Amino acid sequence: MKVLVAVKHAVDHNLKPFVDATTGQVDLSQARRVINPFDEISIEEAVRLKERGLVTEIVAVSIGGADAKDSLRHAYAMGADRALLVETDVRLQPLSVAKLLKVIVEREQPGLIFLGKQAVGEDYGQTGQMLAALLGVGLGTFASALQLKDGSVEVTREVDKGTQTISLQLPAVLTSDLRLNEPRFIKLPNLMMAKKKAIETLAAGELGIDLANRFTVIKSNEPPQKPGAVQLASVSELISTLRKAEVLQ
Amino acid sequence: MSILVLAELDGNKLKGLAAHVVSAATAWQKPIDLLVYGSQVEEAAKEAATLSGVARVLVAQADHFAHPLVEDVQDLVLSIAKEYDVIVSAHSVLGKSVIPAIAARLDVAPITDVVEIHAPSSYVRPEYAGNIFSHVENHQALQIVTVRNTAFRPVATDGNAEVVSISAPLSRAISNWIKEDLNHSDRPELGSARVVIAGGRSLGESFEALLSPIAEKLDAAIGATRACVDAGFAPNDLQVGQTGTLIAPDLYIAVGISGAMQHIAGIKDSKVVVAINHDPDAPIFKYADYGVIADLFTALPELDKALQ
Numbered sequence: 050m051k052v053l054v055a056v057k058h059a060v061d062h063n064l065k066p067f068v069d070a071t072t073g074q075v076d077l078s079q080a081r082r083v084i085n086p087f088d089e090i091s092i093e094e095a096v097r098l099k100e101r102g103l104v105t106e107i108v109a110v111s112i113g114g115a116d117a118k119d120s121l122r123h124a125y126a127m128g129a130d131r132a133l134l135v136e137t138d139v140r141l142q143p144l145s146v147a148k149l150l151k152v153i154v155e156r157e158q159p160g161l162i163f164l165g166k167q168a169v170g171e172d173y174g175q176t177g178q179m180l181a182a183l184l185g186v187g188l189g190t191f192a193s194a195l196q197l198k199d200g201s202v203e204v205t206r207e208v209d210k211g212t213q214t215i216s217l218q219l220p221a222v223l224t225s226d227l228r229l230n231e232p233r234f235i236k237l238p239n240l241m242m243a244k245k246k247a248i249e250t251l252a253a254g255e256l257g258i259d260l261a262n263r264f265t266v267i268k269s270n271e272p273p274q275k276p277g278a279v280q281l282a283s284v285s286e287l288i289s290t291l292r293k294a295e296v297l298q
Numbered sequence: 002m003s004i005l006v007l008a009e010l011d012g013n014k015l016k017g018l019a020a021h022v023v024s025a026a027t028a029w030q031k032p033i034d035l036l037v038y039g040s041q042v043e044e045a046a047k048e049a050a051t052l053s054g055v056a057r058v059l060v061a062q063a064d065h066f067a068h069p070l071v072e073d074v075q076d077l078v079l080s081i082a083k084e085y086d087v088i089v090s091a092h093s094v095l096g097k098s099v100i101p102a103i104a105a106r107l108d109v110a111p112i113t114d115v116v117e118i119h120a121p122s123s124y125v126r127p128e129y130a131g132n133i134f135s136h137v138e139n140h141q142a143l144q145i146v147t148v149r150n151t152a153f154r155p156v157a158t159d160g161n162a163e164v165v166s167i168s169a170p171l172s173r174a175i176s177n178w179i180k181e182d183l184n185h186s187d188r189p190e191l192g193s194a195r196v197v198i199a200g201g202r203s204l205g206e207s208f209e210a211l212l213s214p215i216a217e218k219l220d221a222a223i224g225a226t227r228a229c230v231d232a233g234f235a236p237n238d239l240q241v242g243q244t245g246t247l248i249a250p251d252l253y254i255a256v257g258i259s260g261a262m263q264h265i266a267g268i269k270d271s272k273v274v275v276a277i278n279h280d281p282d283a284p285i286f287k288y289a290d291y292g293v294i295a296d297l298f299t300a301l302p303e304l305d306k307a308l309q
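Chains A and B are the protein sequences, given in the same order.
Letter by letter, the first sequence follows residues 50 to 298 in my numbering.
Letter by letter, the second sequence follows residues 2 to 309 in my numbering.
These are computed hints drawn from the structure, not numbers from a lab.
Hints are not guaranteed to be accurate.
To be verified - Below are the DSS-like pairs computed for lysine-lysine, each with C-alpha atoms no more than 25 angstroms apart in a straight line:
| # | chain 1 | residue 1 | chain 2 | residue 2 |
| --- | --- | --- | --- | --- |
| 1 | B | Lys-272 | A | Lys-275 |
| 2 | A | Lys-293 | B | Lys-306 |
| 3 | A | Lys-210 | B | Lys-14 |
Unchecked claim - Quick list of simulated restraints, FRET-style, between CB atoms:
| # | chain 1 | residue 1 | chain 2 | residue 2 | range |
| --- | --- | --- | --- | --- | --- |
| 4 | A | Gln-196 | B | Leu-107 | 26 to 36 angstroms |
| 5 | A | Gln-298 | B | Phe-298 | 19 to 29 angstroms |
| 6 | B | Phe-298 | A | Ala-70 | 42 to 52 angstroms |
| 7 | B | Val-165 | A | Gln-79 | 53 to 63 angstroms |
| 8 | B | Phe-298 | A | Glu-286 | 13 to 23 angstroms |
| 9 | B | Asp-159 | A | Ala-294 | 29 to 39 angstroms |
| 10 | A | Thr-250 | B | Gly-12 | 47 to 57 angstroms |
What the hints assert, rightly or not - Sample of chain B residues with no beta-carbon within 10 angstroms of chain A, all distances over it, derived:
| # | residue |
| --- | --- |
| 11 | Ser-3 |
| 12 | Ser-40 |
| 13 | Gln-62 |
| 14 | Arg-154 |
| 15 | Ala-157 |
| 16 | Asn-161 |
| 17 | Glu-209 |
Here the structure is a predicted model, which means the values were calculated and not measured.
The beta carbon of each residue, even a glycine, is placed where N, CA and C say it ideally should be.
Could you build all of it, start to finish, from the sequences and the hints given here?
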């Protein structure tokens, strides 16, 4: 069975973003980009399935600029078999990304499709759900464990007060949550080897999909800074202060 | 035209977040239909009808909604979607899963995790784990939205809406519910509790023993950091933060929590934040209203005693 993993070349989550005062938009010109952490978890899960002989080929696909090749090389270094870049210089919105991924899914015919539960950055958290709906296949969001069966996959999902397990007919779309696995550490020789591997490139504009944005981010702002805590000397002073402020009875 | 709001059930009861979502939907000042679906919906429909501002409660009862699957909820909403120009859901696990799917099938881009609505088509939503707030103008005729329930005050329960039965499409049966492993607790629910006390990894094996007597006295929910959950000291569903539960209690007490960006993202809307930490440089003190620099293993028993 073939597995497709969507990989976003995303803003490093350790970075604190800031707003450019003149444009009113988030300034990402200097931002370091890395593979979206949830996509790294997806690759890891696919590689583990392959190591157990349940998967024959792992195809990593990214949609973005030429720099997204770095994240595809990361996928190669972890154990992906093939990498595909749908290239565009435009910042696409999730609906367009889902439509492009649908084209790739129809071409590749994978049995299982992994996306991250969200990407670091705009935090939309939509693309996997949209892809499943457009394909008309089953969807398992927030996957924290999975088990392949004959023609189906059992997915344990993180829900409000615990976990839920559902079964999905294949093909199916899964979105990876934090606890699905812990991605392996990449060894240097693997990274060197990944640099030599081919990345097939398709132009996003030539796949017959309407890529127009449906909404506009007018402006962004950073939340107001709090003045910092009033330091109290002891727990008893804390309690009397909270009572005085009528936070506690 | 009017507004469709999606409700959710917890067993046979209406989840409290419906009152928040209806409140958000009042921004458009148009008639609101509240969709309630389940296998036993009578009780929930009655509760739903009392929510102020709801014009009609649409009730879809079907066995396959006992444990609603994304595909079936999609089909149900799509069967009535053409009557509406706004569709709103909570940004809950179910809402996050189902709304983008519904939107894609209607060829609409949804606006998710909205914290402010400027009707008819402008929104504010957090990005970068709550470090940025973006103002979005949505150019589409059909507005499909998920809202962060903690950002909207619940509506009153003095309404008297009409209850209308609608038929549910058959299940597509491409997915099946197998089981649920839920943690039952008598404490208030983390996402809606008035008071939350949360601990970090440093509480270690004493996590439950140290926090639960205090939680009981304050009628508080207990939360934990990701590090604390990952270390196995607290169950997953207690995780507060960007990838866990987002909370907005009247009082949040952070004990032994340093205040990572992803944790702060989940508590930002709390009214009063109290931090107890032995490290005076812990970032949590920048976000807290009140701080006590103390060792938590002495501070927590003191706190417990002082509340008696």
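Hint by hint, here is what the structure shows:
1. Lys-272(B) <-> Lys-275(A): holds (12 angstroms)
2. Lys-293(A) <-> Lys-306(B): Measuring from Cα to Cα gives roughly 19 angstroms; hence the hint holds.
3. Lys-210(A) <-> Lys-14(B): holds (15 angstroms)
4. Gln-196(A) <-> Leu-107(B): 26 to 36 angstroms: holds (33 angstroms)
5. Gln-298(A) <-> Phe-298(B): 19 to 29 angstroms: holds (26 angstroms)
6. Phe-298(B) <-> Ala-70(A): 42 to 52 angstroms: Holds, at about 46 angstroms.
7. Val-165(B) <-> Gln-79(A): 53 to 63 angstroms: holds (55 angstroms)
8. Phe-298(B) <-> Glu-286(A): 13 to 23 angstroms: holds (19 angstroms)
9. Asp-159(B) <-> Ala-294(A): 29 to 39 angstroms: holds (31 angstroms)
10. Thr-250(A) <-> Gly-12(B): 47 to 57 angstroms: holds (51 angstroms)
11. Ser-3: holds (22 angstroms)
12. Ser-40: holds (16 angstroms)
13. Gln-62: Per Cβ check, Gln-62(B) is outside 10 angstroms of chain A; nearest 21 angstroms; holds.
14. Arg-154: Since the minimum Cβ distance to chain A is about 18 angstroms, Arg-154(B) lies beyond 10 angstroms and the statement holds.
15. Ala-157: holds (23 angstroms)
16. Asn-161: Fine: 29 angstroms to the nearest Cβ keeps Asn-161(B) off the interface.
17. Glu-209: Glu-209(B) is indeed farther than 10 angstroms from all Cβ atoms of chain A, at 16 angstroms.
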